[in-house]
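**Q** Next come the chains, spelled out residue by residue.
2 protein chains.
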Amino acid sequence: MVLSPSAPGIRRAFGASLPRRSRGARPAPASRRRRRCVRALIEGLGSFRKGLGEDQMTPPQGRSLLTDGDEAAFSGRLLALARRTALEEGAGALSTVRLAREAGVPKLTVEKRFRTRADLLAALQADILVEAAEALVDALGGMSPRRPQALETLCRLWVAHWLDHPALFRVAFPEGAAPPRTGPRDPLAPLAPYFEEGLDGEGGRARADLLLCALHGIVQAQLGPRPGDWTEPGELVALAVDAARA
Amino acid sequence: MVLSPSAPGIRRAFGASLPRRSRGARPAPASRRRRRCVRALIEGLGSFRKGLGEDQMTPPQGRSLLTDGDEAAFSGRLLALARRTALEEGAGALSTVRLAREAGVPKLTVEKRFRTRADLLAALQADILVEAAEALVDALGGMSPRRPQALETLCRLWVAHWLDHPALFRVAFPEGAAPPRTGPRDPLAPLAPYFEEGLDGEGGRARADLLLCALHGIVQAQLGPRPGDWTEPGELVALAVDAARA
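Each protein sequence line maps, in turn, to chains R and C. According to full-length UniProt numbering, the residues represented by the first sequence are 1 to 246, in order. According to full-length UniProt numbering, the residues represented by the second sequence are 1 to 246, in order.
Chain R on its own, in the form it takes in the complex:
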């Protein structure tokens, strides 16, 4: 499995009919820099492959959402449509009314699943985080959380994932950082063993929180207006993991 934009959630909803972004357009300097950072982050991690250079795909338009499939698949398709809108126009453009129009279903059909705009946004964010967590666990390829380098590998892949998908990052974290973990509905639950194993001992919870905050800031710095002013993200991740272990 690869840590790529063709991630489980959308793939489940739309099968194999997903368009790939054309490679014709020359990337902006910022995105070329980001790609270099991503390569540096995953360098030496051996078995990981990434769909570098591809942007997040968006589901195709004009497809009837009411063709077969069960309730979960239907909600998944609604979320995929909402994701397209958020990626193209920002999370601010989301609404249940618009989603109903685009899906070609009555407004009530959407609001039965997502009562309000906030519910819809929360569900979309959870969807993106679950997808990221699943992609990361896939990319870790069964590496035991007990292996000494497991935590740093996970953190490098986490940062690389978001640098590779900045638009998804902005939708998933529009105003603040992710809920870290804890709780049965935590979308990042699959990653918890790596944090628990890598940061056990006294104050482990606080050190894990600090590490998550630092990783978040490292991504943000790279997505900001002057990413080149910052120390390379790979070096920062290594420092952050060391610090959290201390």
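Stretch-level coverage of chain C by chain R, calculated; a stretch enters the list once three of its residues show a Cβ under 8 Å from a Cβ in chain R:
#1 201 to 208
#2 214 to 222
#3 228 to 239
Treat the hints as calculated values from the structure; they're not laboratory data. Here a beta-carbon is modelled for each residue, glycine too, at the ideal position from N, C-alpha and C.
With chain R's structure known, arrange chain C on it following the hints.
**A** Then chain C, alone, in the frame of chain R:
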């Protein structure tokens, strides 16, 4: 001097005629929690006073911008108007056309100062950061960067400042973290001595960057949807400073 919303930039532009926000409205639970965090962050810092409970003020409407004053003051007033728009409706609502309309001046008058929307946003962000840096240096009240607790005090105040002014934070950092320092036009230059003194030695620059990223993430976590899930920001700041020193 106090670290309060009545900060230098806006005050310079509009003198003492700034309205205070009414205290009548009951704050939402999230903002009450934030206020508790801010209090914890500045507890024990002795000589610091904060205008807790006040939101960022916005300049009054309908005031002619072309009454006397020099060029810098005029640009400052335009920026203050732009700030009001960004605080009330988000940075996405900014434009040179709208700013000209609100200031009651021709579009070209605005575009001579801020050529594009991006220039305007960048100037507004720099204005907010300069203001934060000045307020922090004021709040430090001449504490020498050499004092052992200077760096942690600065970091606590930095996080407290943004938790106290979340709307300003969102305008200043709409998609990414701040440019850290370096360069003559760096709005955070006044804070540099504290980072240099507190984090000297080998790898100091990388450790300072990590600390800034962590502080950014700590604020973001508190502004996110489930701030209560995170370790208290005061504890995280202390850990982050310790880690950066190691």
